[in-house]
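We have chain A; now place chains B and C onto it with these hints.
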Amino acid sequence: MMQTRVFITGSGIISAIGQNVDETLSSLRACRTGIRKIKHLQTVHRDEFVAGEIDLSLDELMHKLGVYSESYTRGSLLGMIAAREAVTSAGLKDINEARTGLISSTSVAGMTRTERYYKELFENTKHLGCIDTHDCGDSTLHIAADLGITCFITTISTACSSAANAIMLGARMIKSGKLDRVVVGGTDALSKFTLNGFHTLMILDREWCSPFDDQRRGLNLGEGAAYLVLESEAEVKRSGKPVLAELRGYGNANDAFHQTASSPEGFGATLAIRKALAVAAMEPSEVDYINAHGTGTPNNDLSEGTALIKVFGDRAPLFSSTKAYTGHTLAPAAGIEAVISLLSLKHNVVFPNLNYQNPMKEFSLVPVTGLLEGVKLDTILSNSFGFGGNCSSLIFSKASA
Amino acid sequence: MEALIEKLKIEIIQQLNLEELTPADIDPDATLFGAGLGLDSIDALELIVLLEKNHGVRIKDPNDGKEVFKSVRSMAEYIKANGKS
Amino acid sequence: MNIYINGTAVISAQNHLGEEAFPKTVHVPFDDHFRAQEPSYKEHIAPNMIRRMGRAIKMGVSAALRTLEDAGISEADAVVCGTGIGCFEDSEKFLLSIIDHQENLLTPTAFIQSTHNTVGAQIALLIKCHQYNMTYVQRGFSFESALLDAMLLLAEGEAKHVLTGGIDELTPGYLTLQKRAGYIKSSAYTGERLRDDPTPGHYLGEGAGFFVLSSLQTTATYARLQAVTLLHNPASLALAVNAFLQEQGLEPAAISLVLTGHSGDVRYESQMQALQLGYLNGCPQLDFKQYCGEYMTSGSFALWLAASLLKTNSAPPALISSGTVPTNIAHVLIVNHFRDDDYSLILVSRC
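Chains as they are written, first to last, in my numbering: chain A, 5 to 405; chain B, 14 to 98; chain C, 801 to 1151.
Bear in mind the hints are in silico, worked out from the structure with no lab data behind them.
There could be a bad hint or two in this list.
As the list claims (entries may be wrong) - Below are the EDC-like pairs computed for lysine to aspartate or glutamate, each with C-alpha atoms no more than 20 Å apart in a straight line:
hint, chain 1, residue 1, chain 2, residue 2
1, C, 979, A, 136
2, A, 68, A, 27
3, C, 893, B, 42
4, B, 20, B, 74
5, A, 196, C, 900
6, A, 196, C, 903
7, C, 960, C, 877
8, B, 66, C, 903
9, C, 985, C, 997
10, A, 123, C, 877
11, A, 241, A, 101
12, B, 93, B, 53
13, C, 979, A, 127
14, A, 41, A, 51
15, A, 179, C, 958
16, A, 123, C, 892
17, A, 179, A, 237
18, A, 41, A, 59
19, A, 97, A, 150
20, A, 43, C, 877
21, B, 73, A, 377
22, C, 842, C, 870
23, A, 196, A, 124
24, A, 380, A, 269
25, A, 43, A, 64
26, C, 985, A, 136
27, B, 66, B, 38
28, C, 893, B, 59
29, B, 73, A, 52
30, A, 196, C, 892
31, C, 928, B, 53
32, A, 123, C, 997
33, C, 893, A, 124
Stated by the list, open to error - Reference listing, derived: stretches of chain B covered by chain C, where coverage requires no fewer than 3 residues with Cβ under 8 Å from a Cβ of chain C:
hint, stretch
34, 24-38
35, 47-61
Said to hold, decoys possible - Label pairs and their computed distance ranges (CB to CB):
hint, chain 1, residue 1, chain 2, residue 2, range
36, A, 123, C, 992, 31 to 37 Å
37, C, 1114, A, 92, 32 to 38 Å
38, C, 818, A, 219, 56 to 62 Å
39, B, 19, A, 282, 55 to 61 Å
40, B, 66, A, 95, 34 to 40 Å
Glycine residues also receive a C-beta, built at the ideal position from the N, C-alpha and C atoms.
Okay, chain A solo, but in the shape it has when bound:
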């Protein structure tokens, strides 16, 4: 049986650098970071750490969507904004005219609400609704209800690689003929839980993060949501719509080294990239640009760089991390970087790795540090690695159906 190709027909995004795809492109082109002083999150660390926070309050997010209920957590609202944009941009008018699924992802889930009221939950009934919005499945159900999707709904949580795995599962569901179309991505809001959690690991940079720099000190957290619409070849031909790109490859591997740290030899990352290349039936030399995971922690960037050398040898393609624009958004990071990769493909532009100054001692890899317009880009690799050794890579190519 000839396997179908999987096309991307829509995308939606909200992060600290823009509330939709167009705003995101403008910020990226202007090399404008969204990482700044924390404004909306109620935390004692407000003046200590910067973050890629979206400058909208909970009320403003609800107003933007025209929904008003305490049952929407910040993560649900961010997810609904990005998912709506993705579905609209794909021109899906009747969501159930084909078998359409939703595969979302989150790591923080409803914690943003639970952490505000947790003690109160045991004392009074005012915020008892938190109990129903705490789990990871909650935001997905809100997004599905908002879009009218009922055919297939699930949520993935593999830490910082979550959205990559949602995109991967979506492609596999289409290839296996179980779905015709699927909305895939992830959402996470900034929370005290994660800010303090990463702080205890001593991997937060108090200044702007500087991925792949020898003097890098750690990551900045961010928040956001991003979704893609994937469609089967048959579905795209039937509707005759234009496609944004083709999802050529995907790979999922586990570093199996440590609960939080990546192996210095980048074992899991190397395997994930090689698997993605194998699915795409591509040679490493066919990759034109890599959107790296590049969190800015000493550990990740060394491990990832080592993996790149293992796969690409001394001829590594252009690469950069865009974490210094958005902050590390955790579960949706791979979705956000997929949307950014699609913008790179469409406009033949590579967005630079901000704040980079000093080459790393361990190898000679140097990221792109200035905006590159008019680059011939046909194929992009995007990496996402997470706690628990979860490593995933995706490959996007220019395409027409």
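Frame of chain A, contents of chains B and C only:
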């Protein structure tokens, strides 16, 4: 010094959930990490907080911890040299 | 293609070890929840790792490692987990420390272990599995999503042996909150039939159930996993079951036993009751939540039970809730639901 060492042993067992161990099992001069007690980088972060919380001693860079956390004795010496208690 | 269950292990409120293991003896909790009977973890997990693990992680990792032993293999080609609420104990612990210490002088262990993919990650670490690793977190679909993915991996030829399972834990805090939200019955469970319960609320349960799913049949094989489907708010459960069985070329009469996921909460049982009294009325039925309680991944207990009954080709009469005790078990259908929203159907057949 010896009293501090004994106190530290109890704190370490408690903080790191080393249920299998009693203070007598810990040699104050044995290495805490790797071959000795078999602690790892997460334990190091736990110990950094332990020092600050219980002894008012702050280690800013986790890399500095390597020397401090060589053994229970080196921890005690570090507290004596830098701490309030 | 055929997919086989080649190994399984479960941790639940029942005793699963030794001569008197369930279903030979049935444990009734006489409490408002079904707390798991935890095995000794030391045989399978090093003390240095156990000391950091919350109960969900210990239960999951232990069940997973026992499952591999049961299948007679030491490694898997993929690890796929499902959990509704994840490592709740660690989440609570870190959250409380944030609140109690005003975000100061916190330690990382609870945060690290609270991540939803911790069970899958620790399994990978322990068996050195560098391959596909995934965690699903969709309430009543968490375990069933993992099953679907595992089956897809086998169909793709990506794996020959997939280690897959479901895990959920209950904590005192979680139980209290579920009670405050009105989800838990106010009385203790004393062994009554859940399907007849006229009151709201369920009995909270917990546990871990793991499986080695393989494309190859072995001497360890329990049963064949034929089909799994997820139904989000189905208009008619009976129609959906009918379509599901038709797809497998089966009539209701061919089903030897239905494992029914009656939760005992009268508010959410109308579809299940219609199915039980209507379309599947002629089939022997077994209400499995009387043995494990209600939790988001209770389907993993049901699948363990189905596999076990198929392997021995017998069903203890005491467990049967309605219909005649089957003498020959060929096909077991699991019909499960979580709060009348997430319905799932699993068909398991004798090899």
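To see whether the hints hold, each was checked on the structure:
Between residue 979(C) and residue 136(A) the CA atoms are separated by roughly 12 Å; this keeps the pair inside 20 Å, and the hint holds. For the proposed pair residue 68(A) and residue 27(A), the alpha carbon gap of about 16 Å is at most 20 Å, so the pair holds. Between residue 893(C) and residue 42(B) the alpha-carbon distance is near 33 Å, which puts this suggested pair outside the 20 Å criterion. About 24 Å separates the Cα atoms of residue 20(B) and residue 74(B), which puts this hinted pair outside 20 Å; it is violated.
Distance check on the hinted pair: residue 196(A) and residue 900(C) sit about 13 Å apart at the alpha-carbon level, within 20 Å; holds. Between residue 196(A) and residue 903(C) the alpha-carbon distance is near 8 Å, which keeps this suggested pair within the 20 Å criterion. Taking the CA atoms of residue 960(C) and residue 877(C), the gap is near 7 Å; set against the 20 Å cutoff, the hint holds. Restraint check: the Cα-Cα separation between residue 66(B) and residue 903(C) comes to about 13 Å, which is no more than 20 Å; the hinted pair holds.
Distance restraint check for residue 985(C) and residue 997(C): the Cα-Cα separation of roughly 10 Å lies within the 20 Å cut-off, and the hinted pair is therefore satisfied. At roughly 43 Å between alpha-carbon atoms, residue 123(A) and residue 877(C) are farther apart than 20 Å, so this suggested pair is violated. Annotation: proposed proximity of residue 241(A) to residue 101(A) holds, straight-line Cα distance about 15 Å (limit 20 Å). Between the alpha carbons of residue 93(B) and residue 53(B) the distance comes to roughly 24 Å, so the proposed pair goes past 20 Å and is violated.
With a CA separation close to 13 Å, the supplied pair residue 979(C) and residue 127(A) stays within the 20 Å bound. Proximity of residue 41(A) to residue 51(A) is assessed by CA-CA distance (about 7 Å); at most 20 Å being required, the pair is judged to hold. Between residue 179(A) and residue 958(C), the direct Cα distance comes to roughly 14 Å. Compliance with the 20 Å bound is thereby established for this hinted pair. Distance restraint check for residue 123(A) and residue 892(C): the Cα-Cα separation of roughly 11 Å lies within the 20 Å cut-off, and the hinted pair is therefore satisfied.
The hinted pair formed by residue 179(A) and residue 237(A) meets the criterion: a straight-line CA distance of about 10 Å does not exceed 20 Å. Restraint check for residue 41(A) and residue 59(A): the C-alpha separation of about 11 Å stays at or below 20 Å, so the hint holds. With a C-alpha separation of about 13 Å, the suggested pairing of residue 97(A) with residue 150(A) holds against the 20 Å cut-off. For a cut-off of 20 Å, the pair hint linking residue 43(A) to residue 877(C) is broken: about 46 Å separates their Cα positions.
Note on residue 73(B) and residue 377(A): the hinted pairing is violated, with a Cα-Cα distance of about 42 Å set against a maximum of 20 Å. This hinted pair checks out: residue 842(C) and residue 870(C) have alpha carbons roughly 18 Å apart, not beyond 20 Å. Restraint check: the Cα-Cα separation between residue 196(A) and residue 124(A) comes to about 17 Å, which is no more than 20 Å; the hinted pair holds. With a C-alpha separation of about 31 Å, the suggested pair residue 380(A) and residue 269(A) falls outside the 20 Å cut-off, and the hint is violated.
Of the supplied pair hints, the one linking residue 43(A) and residue 64(A) holds, its CA atoms being roughly 14 Å apart against a limit of 20 Å. At most 20 Å may separate the alpha-carbon atoms for a hinted pair to count; residue 985(C) and residue 136(A) meet this at roughly 17 Å. At most 20 Å may separate the alpha-carbon atoms for a hinted pair to count; residue 66(B) and residue 38(B) exceed this at roughly 24 Å. The suggested pairing of residue 893(C) with residue 59(B) holds, with an alpha-carbon distance near 15 Å, which does not exceed 20 Å.
Distance hint between residue 73(B) and residue 52(A) is fulfilled; the C-alpha atoms sit about 14 Å from each other, no more than 20 Å. Proximity of residue 196(A) to residue 892(C) is assessed by CA-CA distance (about 13 Å); at most 20 Å being required, the pair is judged to hold. Note on residue 928(C) and residue 53(B): the hinted pairing holds, with a Cα-Cα distance of about 18 Å set against a maximum of 20 Å. Proximity of residue 123(A) to residue 997(C) is assessed by CA-CA distance (about 33 Å); at most 20 Å being required, the pair is judged violated.
Straight-line distance between C-alpha atoms of residue 893(C) and residue 124(A) comes to about 16 Å, which keeps the hinted pair within the 20 Å bound. Under the rule that three or more residues need a Cβ within less than 8 Å of chain C, the assignment of the stretch 24-38 of chain B holds, with 6 such residues. Coverage of the stretch 47-61 of chain B by chain C holds. Counting CB-CB distances below 8 Å, 4 residues qualify, and the rule asks for three or more. Take residue 123(A) and residue 992(C): their Cβ atoms lie about 36 Å apart, and the range 31 to 37 Å holds.
At about 56 Å, the CB distance of residue 1114(C) to residue 92(A) disagrees with the hint of 32 to 38 Å. Roughly 59 Å separates the CB atoms of residue 818(C) and residue 219(A), a value that falls within the hinted 56 to 62 Å. The hinted range of 55 to 61 Å is satisfied by residue 19(B) and residue 282(A), whose Cβ atoms lie roughly 57 Å apart. Roughly 57 Å separates the CB atoms of residue 66(B) and residue 95(A), a value that falls outside the hinted 34 to 40 Å.
Checked against the numbered hints given earlier, the structure breaks hints 3, 4, 10, 12, 20, 21, 24, 27, 32, 37 and 40 and satisfies all the rest.
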